[in-house]
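S.K.: Residue-level listing of the chains:
Protein chains: 2
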Amino acid sequence: MSKILVETSARHVHVSKEDLAVLFGADHELTVKKMLSQPGQFACEERVTIKGVKGELKNVSILGPVRPASQVEISLTDARSIGVTALVRESGDIEGTEGCTLVGPCGEVVLEKCVIAAKRHIHLTPESAAEFGVADKQIVSVKVETEDRSLVFGDVVCRVSEKFAPAMHIDTDESNAAACKGVVYGEIIA
Amino acid sequence: MSKILVETSARHVHVSKEDLAVLFGADHELTVKKMLSQPGQFACEERVTIKGVKGELKNVSILGPVRPASQVEISLTDARSIGVTALVRESGDIEGTEGCTLVGPCGEVVLEKCVIAAKRHIHLTPESAAEFGVADKQIVSVKVETEDRSLVFGDVVCRVSEKFAPAMHIDTDESNAAACKGVVYGEIIA
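Listed in order, the protein sequences are those of chains A and B. When the first sequence is numbered by my numbering, its final residue is 190 and no position is left out of the sequence of numbers. When the second sequence is numbered by my numbering, its final residue is 190 and no position is left out of the sequence of numbers.
Rather than coming from a laboratory, the hints here were simulated on the basis of the structure. Mixed in with the good hints, there may be bad ones.
A partial selection of chain A residues facing chain B, derived with a Cβ cut-off under 8 Å [unchecked claim]:
id: 1; residue: Thr77
id: 2; residue: Gly154
id: 3; residue: Ala177
The C-beta atom is built at its ideal place from N, Cα and C for all residues, glycine as well.
Go ahead and model the full structure; you've got the sequences and the hints to work with.
M.R.: Laid out in structure tokens, this is it:
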């Protein structure tokens, strides 16, 4: 049985073109720092502060390219620390979520909705989905074996697109719950 | 099948009598704030700051009573934030762990070894262990079903003693990885 690469997503922000202009100045373009595993996605040099009612998270990476709506992806640990409720959602699904404030070097943006804890998910190409025997939107479990904290993640959503590269994404709480170190692979249990 | 109560342990510190004297003054006695589920164990009014090489965690609860050796139990998220490596260990097993500094109102203590991320575990009485069909030191899995992030924790150690009350303990990373809310029960899979 082949296994899926498990990557840990640190807290990050996606920004709209309009919000980017407020945060970093008119006509500012995102600067690629590092390309990510998903084709076309990149970590940026630009960083912002996320402000909640109880605290803030400084120096948070923006992931590019720009999106139609700004979105804040933090762990539930992060959310608690700044006094915000983060709903567990798929990326892009921010209806009904709480907002927060983003602060950049040129200004700040008050977002009415934006904060999510990413629902754990697997990016798959049609070919890799066929290989694993799973379909788009299918909910699966993934077994991750580590030295100290092996576990089986349930409620993992599969997302299949030609634009993806095969990789499972979990957040830092989830990664720490499995004590993930180095390169980690998981076994998909359909 | 009966289920086990799953409790989330926030970061905390256990202190020796000697370290308590340095932190809070000679002959200081711990003040009970709240009794915990395990008989005789209590959260204290006294709080300390945990200092690592990269940062600090303020306002951390001490859990009483005093112990032979001071011990710092933090999540892997916490550990990373203050620049300390926390090994996943059972409580009391601090040989070979990293140290940190504790700061109290009367002084500070530099501990050479103390920092652990608690190995997930289940406290059981002999009666409840018999009921669940598990033995002291047995490693089991525990299935936790939540709305968004169900999972199965592996590498859970059972600890059986007349002095315990039946409860599983996980840390905040683990609790967040399961999106635990309110009162949570798990199913022991031996």
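S.K.: Per the CB criterion, is A/Ala177 less than 8 Å away from chain B?
M.R.: With Cβ-Cβ at 3 Å, under 8 Å, it holds.
S.K.: Taking 8 Å as the limit, does the beta-carbon of A/Gly154 come near enough to a beta-carbon in chain B?
M.R.: Hint on A/Gly154: holds, closest Cβ of chain B at ~4 Å, below 8 Å.
S.K.: Quick check on A/Thr77 please, does its C-beta sit within 8 Å of some C-beta on chain B?
M.R.: Holds, because the Cβ-Cβ distance from A/Thr77 to chain B comes to roughly 5 Å (cut-off 8 Å).
The earlier numbered hints are all upheld by this structure, with none contradicted.
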